[in-house]
Each structure stands twice: as structure tokens, then as C-alpha cells.
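Order-wise, the sequence lines are chains A and D. The first sequence maps to residues 1 to 345 in the numbering used here. The second sequence maps to residues 1001 to 1327 in the numbering used here.
It is possible that some hints are incorrect.
Straight-line distance between alpha carbons at most 35 angstroms, and here's what the computed DSBU-like set of lysine-lysine pairs gives [stated by the list, open to error]:
hint, chain 1, residue 1, chain 2, residue 2
1, A, K177, A, K260
2, A, K260, D, K1032
3, D, K1260, A, K206
4, D, K1094, A, K43
No lab work stands behind these hints: they were computed from the structure. Nothing here was measured: the structure is a model prediction, and the numbers come from that model.
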Amino acid sequence: MRVEITMPDLATTESEVTLLRWLIEIGQPVQLGEPLVEIETDKATMDVEAVAAGTLQAIHVQAGDRVAVGQVIAVIVNDVPEPVAAAPAAATPQAAAPVASAPVPTAPPKAGSFFARNKAAREQSPPADGASISLSGIQRDIARRLQESKQTIPHFYLTTSANAAGMAAVRAAAPGKLVWDAFFVQAVARALPDFERLRYRFDGDKLTRNPDAIGVAVDIDDLLYVVPVENPAALTLAAISERITQRAEAIRSGDPAARKLAGTCITITNLGMENIEMFQAIINPTEVAVLAIGKIAPAAVVANGQVVVQDRVTISLSADHRVVNGRYGARFLSRVVEELEAFGP
Amino acid sequence: MTIQNASQYPPDLLLNLYERMQLIRQFEERVKRLFLEGKMPGTIHQSQGQEASAVGVCAALNADDLITSTHRPHGHALAKGVTPEAMMIELFGKGTGCCKGKGGSMHIGDIDKGMVPAIAIVGGGIPLAAGMALAIKMQGESRVVACFFGDGATNEGAFHEGLNLAAIWSLPVIFVCENNFYGASTAIAKVSRVAHVADRASAYGIRGETVDGNDVLAVYEATRRAADECRRGEGPVLLELLTYRRTGHSRRDPAHYQPKDEQERWFARDPITLLRNTLVDELGDRLDAIDTRIDATIESAIEIARAEPEPTVADLTTDVYTTEITR
Ligand SMILES: Cc1ncc(C[n+]2csc(CCOP(=O)(O)OP(=O)(O)O)c2C)c(N)n1
Ligand SMILES: [Mg+2]
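For reference, chain A alone in the conformation it holds in the complex:
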């Protein structure tokens, strides 16, 4: 039988959804209920399950396309006999080999949900002259979270610098290429056990324990993600580095599980590669602090009464004043500096 797969009515206030990516390739088998395609609605990203088993024969819409509810998005073929009263279209012989067929002209979209129709009736169509840029659900979500963080968390900021020579030497001697962030994750992981409060978040009238994982901020296709490094204290530098690279790669390849927000207590964010000397970052809720890393560059410093040239890095801690005070944060940051300077071949 040839089963036309249509876009289900999964959006809440719109009559269209965005197709993010196909989870099954053309020509591959599909099970009933298996995730077939990932979409983004006005409220969330989600997988759409296959409503028929068989082989994915054709797809009619591509990643990034806006798709109307009820529009045919794919065709699955299987051995189930055609129902007797089959529509004439279904009686056409099946193509022998799987093909990516040309996009089907969009069927007139089925009238959307009650809410969608109401909303459409209320709204003018948005100006197409560049006067505005519409945001995707994820972009809106990130914007909302950052605004909420900056408005509700009383941030305070501490800045200092560390000698980066030891790190540079370790990195030069390491067999693979270690990502810089790995050093900062390890230094923070080593410092944290003596600064337990940074593992908690403010929660109304109490502090609630956060997960131990340390996050690393990555910017992928202009979207911000936090890659969690779980159990960082038990990992070697190489393992931390590997983990960060792998997870960033998984996000880049569109793995929905990797894109989900995981629990972390502190995030490392790095703009050194963009030539930024120092900056102060916004805390990623529900974390308690964020450590901003600047560029590692030679600087003239006074050591033992002599002016010497040293590779240095400037780091800034933004922390939630409801959880820790300035002195506590300062001691933590100094400890991170000690840990960073303890690296050496």
C-alpha cells in the first residue's frame, strides 16, 4: 500500500509548523510509531511519529520548510494490500526505486485549529520589506530565558587574570588537540568541592542543590547551547575535551537529545578566539554562576621586581548574589586561578 503521510495538527496557535529535519532517510525502513521527522511548532520542538510501517519512499518537504497542517510530507510504501475502495491515485504503480520526488504543489492548507483561525483573523500578514525579522521558537525561548535571568538574578561581577603558560605547555605537548575550555572546566571542577555553595541555586526561601555537571557554552548557527560535562572531577583533560567536542558535534548534526537543556551548576563561556580580552556574561538559569574567559595573549607583567612577558588570560565570574557574597566569589575565583596556574607538563 502507498500511504501518504500528512503533517499532523501539532501547533497550538498557528496553522503551520517548521520542518527541522528528517530522522529517517529515503529508502530506509520505518516502524509504526518510530520518530520520522522533527518539527518546530509555535510552542516546542518535537518528533512526529510514523503512522504507518514500511519503507520511506519519498519526502516532499525539506528541512527549514514551513509546512501547513494536513499537507502531504512523505510517502511510505508497504506490503499491506490496498483497501478495496482505494482512491484512484493510490492505484498508480509504485516506483521501483525510492526517489526524492519534486516538491508537490502545496495543497490549500486545511483550516487550522480554532485558535489558529482566530489568530490569523486578528493579525495582519507581517511586512516582507525587512522591517522585521521573525524569531524561531528556540530564539524566542533563549531571549526569554536571558531576559528573565538579567531581570531577576542580582548578578555581581569579579575579574582577575591568570598565568596561562602552564596550560599552553600542556596543550602543546598533548597528542590530540585539547580544546581550551577543557582546562577551565577542570580547574573549576577542582575548585568546587571547597566552594559547595556554588552547587546550589536560589529557590524562594531555600537553596536547592544543582547537578554537579559543568556547562560549556557553544554558539551553533547563531543559537546558544550549553554542553554539559557530567562528573567533571573524575575526567581527564583529554576526556573533558573529547566530551565537549562530541556534544557540540551532536548538536551541530541536529541530534534533538543533545540540544535539550541539561542540568548544570556553572557555565564556562569563552570569547578568546574572537579576540575579546575580557567580558562579563549573563548567568544561565538555573545555574548560580558563569565564568567568562578572554583571549590568551602575551602581556607585560611584573614578576619578582622584573618586567617580564607572560601568556595571560583574563577571567570574569558573574555570580548570583542571593546565593554567594562577594568575598566567597572572590576566594573561589582566586582558587580557580591557582588551579589554572598549576597546569604544567
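Dock chain D with the ligands against chain A, hints included.
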């Protein structure tokens, strides 16, 4: 994992509980597919994962006992004996459905089976259940009312008013809170400082009990005890059944707020798998036969529903308070 003490129960009862739960699961799964295929209109709130609470409670009731239900009513209805055909016809919006196609998913019910149409207003069934129980008491009957609601309903004003009223008049109501830990996307712990919903019973001077809502026999036993108390005039009782939904709040919700480890813990204690594992050694063949029979029942319900007539324009003015619109 298996259920302890199952061997104390007659096989027919155990098989019946299994069949009811499996009927709900398969019904919900099939309805989900119809929705995804665009063949079923509207959104739906489904109950995969919560079958043991619906079935355990209703199995402990008599046919003439009453239930009230919520926006998530399919399981309650099937457990109380509303037929899959009547429900499917209603879900397709056909004129011959159990609410003549005018109610749809969130108003499923059949008073002949002891289920008043479901009430989608969160907590809305609670005062009504108290009222129904008052009627029973005033008429000197020994029936009871089981009132289903979610954890989210416990912060509605209606919860307080309904429980208090039922308490002061010792009304025969079993207040059944299906605590699936979320009201839509909000975790119960975020909106209540009370560790167990059952603890709230003490505020009304009634008995409360927290029960493993995925163990159908535990639910059955707890409901039997509660129903006995109610029939003796010692009600009402507040039962809290701990359970978990295996689907989004509605079809449009991917439930990203359910942490993965929490999901895995609960999915490992799926109520149907628990009972199946318990029975499979001795009754495996009969379980398989039940599964096949249910498939056929549901497919035939869909066939029947599809063939039923659509409501007509004239139906718009039936079952309403006025027949003619005057300007
Ligand atoms: C009075 C009222 N407020 C809000 C809603 C919207 N609503 C529908 S279901 C729901 C969540 C209910 O949660 P819960 O009582 O825990 O039941 P569950 O969905 O978990 O079965 C909400 C907020 C409603 N139907 N009625
Ligand atoms: Mg709930």
C-alpha cells in the same frame, strides 16, 4: 518487576483487570494515530501510563456507583464500562455518539454506565461529586461516588470547598487524586509544599491514603476499603494514586519538562507490564488472546464510528434551552 500477592486473587479478576488496562492503552494508542493522521479533530488528553488507577478504582465499584472525570477521561470511561464504540463515535463527532457528537473527548460519559459526562474544568468535578453524594445520602441509597481529578486540581478553590462540604456531611465520596506529578508542564513540587496530596485530608478531618497508582491491585484494595467506609457512612476518603503519564499533557505537548531519568524510572514500572510480568508464566496464552481480541474490538469500533451519520444542522437546536433564536 512483578506485583506481590497477586496469587491471592482469582485468575478471572486478574485477567479482567489486565483486559481493561490493555483496552485503555490500545484505545489511546489507536486514537493517537488517528489524530496524527488528521482523521480525528481537536486535541486530546491521553492517559497512557495511568491505566492502573482508572481500572483499579472502577473494578472496586459496583455498576450503579458513579464516577466523575476530567479533561483526561478516556481511561476512566473505558474502566467504568462505556463501550469503545460509543466513545469512538463521540470522538469522531458523529451524531450518535455518547454525547451526540457535541461533547467530544473532554465530555465523554454515559450515565447508564454510572459516568456523568467528564468535566474539563480543572477541579470542576469535585463539588459536583459532593452534590451527587448528597443526593445519594438524602435518598438513603448505599451507592458511592468516585471523583477523579489530577494533582493540579488540588490547588483549585473547588477542591477545598468540595472536600470540606463532603467531610462535614460525611458524604459517600472517594476523592481520587491521580498524582502524575505534573499539572500540564508544572511540577507539583513547584506549587505545593505538602509532600503528599493525601496529607491534605487532615485539613478536613477525613482519612487520606497514598497508594502506588501503577499497581492495579494496590489501587483496587485501597478503593475497596474506601468504598466500604463510604457505604458505612464513614466517608469521604481522599486517595492519592501515584502514577505517571507516558505521553504529553495533550497531543501537542512533547513533555520535554519530564526529566529523562524520571521517565526511565516510571516507564520501568509501567502498570500493564507489571501485571503482565506477574501473570505471564501461568496465564500467558490467555493474555495473548486478550491482546488480539482488543485489537479487533478497537478496529471494529473505528469502522462503526466512520460509518455513523454526521450530525445535521437541525441537531444544532436540539438539547439546548431554546429552540428559536429571537432577536
Ligand atoms: C479551571 C481550569 N484552569 C485551567 C485549565 C487548563 N488546564 C487543562 S488541564 C490542566 C492541567 C491539569 O493538571 P492535573 O489536574 O494535574 O491533571 P493531569 O493533566 O495531570 O491529568 C490545565 C491547567 C482548565 N481546564 N480549567
Ligand atoms: Mg497532573
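Quiz item: Going back to the hint list, which numbers does this structure go against?
Solution: none
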